[in-house]
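Visitor: Use these hints to put chain B onto chain A, whose structure you have.
Number of protein chains: 2
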Amino acid sequence: MASSETITAALLIIGNEVLSGRTHDKNLPHIAEKLNDVGVRLTEARVIPDIPEVIIRTVRELSTNFTYVFTTGGIGPTHDDITADCVAEAMGVSIDIDPEALRRLEVHYANSGLEINEARLRMARIPEGASLIDNPISAAPGFRIGNVHVMAGVPKIMQAMLDGILPTLKGGRPMVSITLRCSLPEGRIAEGLGKLAKAHPDVDFGSYPAWTKTAFQVSLVVRGEDPAQVETAAQAVEKLIADLGDQAERITARPGETVPG
Amino acid sequence: MASSETITAALLIIGNEVLSGRTHDKNLPHIAEKLNDVGVRLTEARVIPDIPEVIIRTVRELSTNFTYVFTTGGIGPTHDDITADCVAEAMGVSIDIDPEALRRLEVHYANSGLEINEARLRMARIPEGASLIDNPISAAPGFRIGNVHVMAGVPKIMQAMLDGILPTLKGGRPMVSITLRCSLPEGRIAEGLGKLAKAHPDVDFGSYPAWTKTAFQVSLVVRGEDPAQVETAAQAVEKLIADLGDQAERITARPGETVPG
Numbered sequence: 001m002a003s004s005e006t007i008t009a010a011l012l013i014i015g016n017e018v019l020s021g022r023t024h025d026k027n028l029p030h031i032a033e034k035l036n037d038v039g040v041r042l043t044e045a046r047v048i049p050d051i052p053e054v055i056i057r058t059v060r061e062l063s064t065n066f067t068y069v070f071t072t073g074g075i076g077p078t079h080d081d082i083t084a085d086c087v088a089e090a091m092g093v094s095i096d097i098d099p100e101a102l103r104r105l106e107v108h109y110a111n112s113g114l115e116i117n118e119a120r121l122r123m124a125r126i127p128e129g130a131s132l133i134d135n136p137i138s139a140a141p142g143f144r145i146g147n148v149h150v151m152a153g154v155p156k157i158m159q160a161m162l163d164g165i166l167p168t169l170k171g172g173r174p175m176v177s178i179t180l181r182c183s184l185p186e187g188r189i190a191e192g193l194g195k196l197a198k199a200h201p202d203v204d205f206g207s208y209p210a211w212t213k214t215a216f217q218v219s220l221v222v223r224g225e226d227p228a229q230v231e232t233a234a235q236a237v238e239k240l241i242a243d244l245g246d247q248a249e250r251i252t253a254r255p256g257e258t259v260p261g
Numbered sequence: 001m002a003s004s005e006t007i008t009a010a011l012l013i014i015g016n017e018v019l020s021g022r023t024h025d026k027n028l029p030h031i032a033e034k035l036n037d038v039g040v041r042l043t044e045a046r047v048i049p050d051i052p053e054v055i056i057r058t059v060r061e062l063s064t065n066f067t068y069v070f071t072t073g074g075i076g077p078t079h080d081d082i083t084a085d086c087v088a089e090a091m092g093v094s095i096d097i098d099p100e101a102l103r104r105l106e107v108h109y110a111n112s113g114l115e116i117n118e119a120r121l122r123m124a125r126i127p128e129g130a131s132l133i134d135n136p137i138s139a140a141p142g143f144r145i146g147n148v149h150v151m152a153g154v155p156k157i158m159q160a161m162l163d164g165i166l167p168t169l170k171g172g173r174p175m176v177s178i179t180l181r182c183s184l185p186e187g188r189i190a191e192g193l194g195k196l197a198k199a200h201p202d203v204d205f206g207s208y209p210a211w212t213k214t215a216f217q218v219s220l221v222v223r224g225e226d227p228a229q230v231e232t233a234a235q236a237v238e239k240l241i242a243d244l245g246d247q248a249e250r251i252t253a254r255p256g257e258t259v260p261g
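These protein sequence lines are chains A and B, in that order.
If you number the first sequence the way this note's numbering does, the last residue is 261 and the count never jumps.
If you number the second sequence the way this note's numbering does, the last residue is 261 and the count never jumps.
All the pointers check out, no bait thrown in.
Straight-line C-alpha distance at most 25 Å; calculated SDA-like pairs for lysine to any residue:
(1) B:198 - A:79
(2) A:26 - B:44
(3) B:156 - A:186
(4) A:26 - A:136
(5) A:34 - B:54
(6) A:26 - A:210
(7) A:26 - B:156
(8) A:26 - A:79
From chain A, some residues computed to sit far from chain B (all C-beta separations above 12 Å):
(9) 7
(10) 94
(11) 98
(12) 102
(13) 104
(14) 128
(15) 134
(16) 136
(17) 242
If you are wondering where the hints come from, they were derived from the structure by calculation, not from laboratory data.
All values reported here derive from a predicted model rather than from experimental measurement.
For each residue, glycine too, the CB sits at the ideal point set by N, CA and C.
Next comes chain A alone, as it looks inside the complex:
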C-alpha cells in the first residue's frame, strides 16, 4: 500500500503517566487525522517512559527511519520534563535558554502577574538550531529540530501547536476512505473480501467487528490515495455484501474520521 513517495510520520508519546494507565492518550487519533489531511501517513507510534537513555535512543531511531517525528509530553517546568534536553542530545546539539522563547515567557508571566523563576526558565531551553513552535495557549513554545517536532502533551496545547506545524509539512496525497457497515459475520465476508484485496492492490481493505448493545455489526473500510480506486473498491464491497444477502450501509465521514461502531 505505501508507495515509495509515501510521506511517513512516527509519533513518540513520552510519559510514565500514559504507561501506568493513569492518563489515557487522546492525541494519537487527532494527530493521525490531521497529518493525513496534509498527506502525511502516521506509520508508527510509541509510548515510552521518562528515562533519558530511552528517549534519546528512540528519538534517534525514529528520526532516521521516518520522514517526520512528532513527540508529545515532557516540556513543562518540572523535574520530570526532560524531553527538550533528551532531543538535543539525540540530535547532537547543545541546549540553552533561547532569547525569543524567553521573551514569550516574560510577556506571558507579566500578563499573568507571575514571576519567572528557575523552573519556568526551563521551558525556554531550546536545542541549538531549532525553530520555535507557537503555543497560543500557554506561551511556552515547542520546537522543531531536523525532522523532529516537539510538542506539549496536554491535548489543547498540542492541538494548537500542531495547527501551526501542519502548513510547514511537505505531504503527499492524503488517504481517503469509505466505510461500509453490514450485519454479516466476518467469517462469511472474509473469503470474498480477501479476493477483493488481491484484486485491488492499491487499496487497503479493513474489517472491524463491533458489538453494540443490541446488534453485531462489521465495518468494512476501504482506504487508498486514489479516490476513484477507493470508490471502485467500495462498490465491489457493496456488491459482495449484496451477493451474500445483506445490504451495506455507507457511513459518510471525512477521511480518517471516527465512525460510531
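Guide: Chain B alone, transformed into the frame defined by chain A:
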C-alpha cells in the same frame, strides 16, 4: 526507579485502524493497570501497521528486550488478520491448524448454527509449541509462545483473555501510587518537587496539569514499589504544598486507576 528485579512488559498494538485514527485504542490503560496489579510493569507500547515485516521485526525486538510481550489485534478470520503467522515467523516456528483450537471453534459454530469455512479455520492456526489462551466470548483462542502473548483487539475479548493470562505471570512488586491535587501552578511547585524527587530516589514524582471548565489544577502523583516510602513521599508533597500556601487534596484511587483531572 526500575530495579534490576523489575518485571517488564511491552504492549504491541497491531492495526492500521489505530494508526489511521479510526479506532481509538482503549486497551493500553486496562492492560497497564491489570499488569501492575500482578507486579508487571508496562514499560513500552507500540502501535504498528498490518505489514508482515514490521510485525515480525517488532515482535522479535520486544521479545528480546522485555520480560513479557502482549499483542492486540489481527487474529480474526479476514485477510488482514496476519498476527498469528507473523508471530510464528518471528519466533522461528511453523504454524498450522491446532486440534484443540479447532475443536473449540467447531463447538462454538455448531452452537451458533454457523458452518466452519476456510476463513474461520484461519482462527485455529496456532504456532507450533504455543499454548492456547481462552476466549470465553467468541471461542477463537489467543495463544502464548515463549514470552509473547497474542490477544484479540476487541476490548471485551482482550479483557477476558487477559484475565486468563494474569495468574500465569510471574510478577514482582506492584507499583502503588498516591495522587495529590492542588491549585498551585506547576512553576511554583517545580523547585520543591525536584528537590523531593532527588531526596526520594526510589519514588517517582509526576506532575500533571489539567484545566477543567472552571479551574486549573495540578495532580502530583507519587509512585513506587514500597507503600511506606510512597506514603512518606506523599506527606512530604503535602507539606510542600502547605508551605506554598495551598492545601493538597488526596485523591483515593486504587493503584494505577485514572483519577478525574
